[in-house]
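*Asks:* Those sequence lines, one after another, are chains A and B.
The numbering of the first sequence is the numbering used here, which starts it at 11 and goes up by one.
The numbering of the second sequence is the numbering used here, which starts it at 82 and goes up by one.
Rather than coming from a laboratory, the hints here were simulated on the basis of the structure.
Just so you know, these numbers come straight off a predicted model, no measurement behind them.
The beta-carbon is built from N, C-alpha and C at its ideal position, and this holds for glycine as well.
Hints may contain errors.
Below, a sample of chain A positions facing chain B; criterion: calculated Cβ distance under 7 Å [as the list claims (entries may be wrong)]:
no., residue
1, 277
2, 324
3, 326
4, 508
5, 529
Pairs of lysine to aspartate or glutamate, EDC-like flavour, derived with a Cα cap of 16 Å [to be verified]:
no., chain 1, residue 1, chain 2, residue 2
6, A, 276, B, 143
7, A, 260, B, 143
8, A, 274, B, 143
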Amino acid sequence: MRTSFNGSHSEPRAVVYARATIGLASRDVRVEDVPCRNLEDVLGGFGRSFQILAERTITHAFTPDNPLIINTGVLTASNVMTGLRTYFSAYSPLKVSNKGLPAAMWSAGSCKFGPKLKWTGLDEVILEGRADAPVYLVIRHTEQGPGITFEPAGDLLGLTCHEKIMWLRDRYADAHFAAIGPAGERYEDCYMASVALSTENQLRSGDDKCRWAGRGGMGAVMGYKRVLAIVAQAPDRITKLKPEIRDINKAASTGPGSRKFREKDKGGLGGTWSNYEPLEKFHFVPQNNFRPTGDGKPELMFREHVQPQFIVKAESCFRCGINCHKNVYEKNADGTRGAFLAKFDYEPVNLLSTNIGIHDPRKAATLISLVDRLGMDNISLGTTISYVMDYNERHPDAPILNGATFGDFDKARELIEGAATGRFPEVGRGVKRLSEQVRETGYAMHCKGLEFPAYQPDTNPGYPWAIAGGHMSMATYMALALEGNTSLDYWASLITGRGLLFVRDDLVGLCKFAGITADHAVEGLKHEIGFEVTSAELLAAVRRSFVRALWLERKQGYDRSDYTLPSEVFDRPNPNLGVPPFVTREFFSQLSDRVWAVFDREIDEIAKA
Amino acid sequence: MPRIRFTNLFAERIGGVNSVDVQGATVESSLRALTDRHPNLTPLVWAKDGALNSVMVVFLNDRQLGATETGTPVGPSDQIDIVPALEGG
Chain A
11 MRTSFNGSHS EPRAVVYARA TIGLASRDVR VEDVPCRNLE DVLGGFGRSF QILAERTITH
71 AFTPDNPLII NTGVLTASNV MTGLRTYFSA YSPLKVSNKG LPAAMWSAGS CKFGPKLKWT
131 GLDEVILEGR ADAPVYLVIR HTEQGPGITF EPAGDLLGLT CHEKIMWLRD RYADAHFAAI
191 GPAGERYEDC YMASVALSTE NQLRSGDDKC RWAGRGGMGA VMGYKRVLAI VAQAPDRITK
251 LKPEIRDINK AASTGPGSRK FREKDKGGLG GTWSNYEPLE KFHFVPQNNF RPTGDGKPEL
311 MFREHVQPQF IVKAESCFRC GINCHKNVYE KNADGTRGAF LAKFDYEPVN LLSTNIGIHD
371 PRKAATLISL VDRLGMDNIS LGTTISYVMD YNERHPDAPI LNGATFGDFD KARELIEGAA
431 TGRFPEVGRG VKRLSEQVRE TGYAMHCKGL EFPAYQPDTN PGYPWAIAGG HMSMATYMAL
491 ALEGNTSLDY WASLITGRGL LFVRDDLVGL CKFAGITADH AVEGLKHEIG FEVTSAELLA
551 AVRRSFVRAL WLERKQGYDR SDYTLPSEVF DRPNPNLGVP PFVTREFFSQ LSDRVWAVFD
611 REIDEIAKA
Chain B
82 MPRIRFTNLF AERIGGVNSV DVQGATVESS LRALTDRHPN LTPLVWAKDG ALNSVMVVFL
142 NDRQLGATET GTPVGPSDQI DIVPALEGG
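Please work from the sequences and hints to get the whole structure.
*Replies:* In structure tokens form, the structure reads like this:
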């Protein structure tokens with residue numbers, strides 16, 4: 011990214027970013043400087059990629075015209091701590107309207123691939139078309155600018171994400187990698203395939219410790235394009251740390267915003283895994299396909315109960331002081347640390363254990379690790395498996411697939427393997443399609459084709475307006491536990507106001523776990539690239555980007571029938587929840603009217619623009 | 082005056098301010114002073130029965146306080162953090 015300010019330091023057109031457009035079939039590569047059209051272009055991430063997607067007419071995710079946009083945020087590779095994000099954007103095979111059209115989607119991942127990509131000299135890569143045969147791309151920093159080559163990927167076929175990354179590590183020094191797994195290679199059977207990003211810890215230790223752009227099937231789009239991996243090779247270009255940035259980083263690493271994710275002995279609360287305890291107070295921890303029973307079994311996955319059996323080590327992404335990775339290792343007989351098992355975050359742990367009736371941390375680690383190796387989104391997969399088990403409990407005489415029911419570890423593992431290998435495409439294509447196929451949609455836990463993360467839909471009527479997954483693009487999933495407010499005014503205001511601003515970091519390149527304030531992000535922009543913007547302007551650009559995503563959904567056929575919750579939320583209230591049911595049909599209908607009264611007007615403005 | 086720091090969840094309700102200096106002799110009275118000054122933070126800090134919101138965690142100078150420790154005295158240089166125990170990602 012380059013700037014050429016002439017007077018004002020707030021003019022987006024004074025900022026240009028470097029883009030490579032790669033024609034996979036023709037092998038044409040075009041590298042160009044692109045002037046920013048608006049603040050969203052400057053900020054990057056989905057703020058920029060969704061403007062590109064808006065220019066396309068795409069009716070199926072697996073077509074050559076559907077681009078896979080790999081970009082960064084303005085603060086990716088900066089000295090602002092957690093400036094490590096890479097975004098993958100495309101029309102999604104998983105997120106589809108009821109009319110069957112794919113929706114625009116992005117998924118973000120951390121660690122060093124994003125910075126390395128930027129250090130090759132590129133801010134954005136657009137993969138166009140489809141390669142004739144499996145390839146991996148090598149993007150290098152050269153004296154003449156970014157150099158891009160195509161390499162045959164026959165040796166990578168069939169390898170797990172981690173194995174692909176290790177294979178590439180052994181051949182490319184000073185590089186980081188993005189790779190798909192076997193699931194992405196079988197994209198036609200697995201729409202929930204993810205993209206793995208290498209980490210420093212992984213390359214050094216050889217342990218399977220990828221980070222993920224997991225949601226929405228971006229790995230399936232990459233698999234369709236027959237790009238099995240991308241290498242970003244460049245020397246680190248770390249600049250001198252300015253005092254202003256040092257202050258921001260200190261606030262991020264020691265301030266209240268990251269306490270949730272830090273270790274207890276570092277003044278923290280122990281990471282997302284520790285969500286189990288506050289949620290279980292209200293019986294909000296999903297069990298048996300999002301149907302908490304109140305039997306106390308979620309406690310078996312509390313960290314305090316798991317930790318004595320294993321070694322839990324807090325580790326981190328590149329140059330991050332938060333140490334949010336809670337990595338679980340075997341504990342040797344002498345008490346020392348043994349083999350790495352899995353990274354425990356609340357959502358994968360819940361969805362691959364408690365929510366499928368398994369209450370054993372070792373089994374949870376086995377399933378999480380398996381999903382990671384095969385390269386799938388553990389949220390989409392876990393929620394689809396819980397649906398299969400629920401269906402089979404309801405139809406003991408006519409079960410589907412392998413007949414898995416809650417608590418059956420071996421059959422859960424079989425479903426996971428089958429989703430990635432083509433044995434169970436009904437699972438790999440997600441819960442929306444499966445539930446429509448078997449004609450029981452009422453307890454299929456998704457909105458708009460994206461499966462729910464590990465938060466109850468009967469506590470979150472904001473789910474339908476999330477634009478890229480329920481817990482990363484709409485900050486309403488924990489609101490009931492936090493405030494206990496069930497009024498229409500509260501929910502309409504939350505969804506159309508603070509809730510949507512949650513996606514701010516999905517433009518700028520930072521991680522939400524840093525808890526960086528808008529003022530700090532603005533300071534970061536000023537001191538890292540010299541661009542001056544107010545917090546209000548920044549947040550206005552975030553809002554425009556969010557509304558543009560809603561407009562894009564409308565363009566793909568979404569209507570009010572898509573913006574709803576599974577019918578069992580309305581028709582079968584769960585008496586075990588710690589609060590009286592409030593998401594009735596009447597409540598939700600009134601809420602929808604209120605929310606659309608705000609968004610419809612703004613969508614019209616975006617459409618005109 | 083003790084300083085209370087909080088996350089974006091709080092800051093975004095009071096114009097982006099992420100810390101406030103308050104008059105208070107204890108952690109609890111400092112938090113009361115905070116919500117007296119910014120009433121729209123009340124539902125985050127206090128439960129309906131007036132007790133501390135059970136989903137919030139309070140730190141005093143980097144030490145996590147138990148639910149019964151909010152009566153701990155504070156001085157002018159003390160730093161109180163209040164953070165939600167619930168965040169995903």
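*Asks:* Answer holds if the nearest beta-carbon of chain B is closer than 7 Å to that of residue 326/A; otherwise answer violated.
*Replies:* violated (14 Å)
*Asks:* Is the hint on residue 277/A kept, meaning its closest Cβ partner in chain B is under 7 Å away?
*Replies:* This interface hint holds because 4 Å falls under the 7 Å limit.
*Asks:* Using the nearest Cβ pair, does residue 324/A come within less than 7 Å of chain B?
*Replies:* Result: violated, 15 Å to nearest chain B Cβ.
*Asks:* Tell me if residue 508/A is really an interface residue toward chain B, meaning its C-beta lies closer than 7 Å to one of theirs.
*Replies:* Holds, because the Cβ-Cβ distance from residue 508/A to chain B comes to roughly 5 Å (cut-off 7 Å).
*Asks:* Hint check: residue 276/A vs residue 143/B, CA-CA at most 16 Å. Holds or violated?
*Replies:* Satisfied, since the Cα-Cα distance of roughly 8 Å is no more than 16 Å.
*Asks:* Is the Cα-Cα distance between residue 274/A and residue 143/B 16 Å or less?
*Replies:* holds (10 Å)
*Asks:* When you check the alpha-carbon spacing of residue 260/A and residue 143/B, does it fall within 16 Å?
*Replies:* Distance ~14 Å between residue 260/A and residue 143/B Cα, so the pair holds.
*Asks:* Identify whether the interface hint at residue 529/A stands, where standing means a beta carbon of chain B within less than 7 Å of its own.
*Replies:* Because about 6 Å separates residue 529/A from the closest Cβ in chain B, which is inside the 7 Å limit, the hint holds.
Comparing the model with each earlier hint shows violations of hints 2, 3; every other hint is respected.
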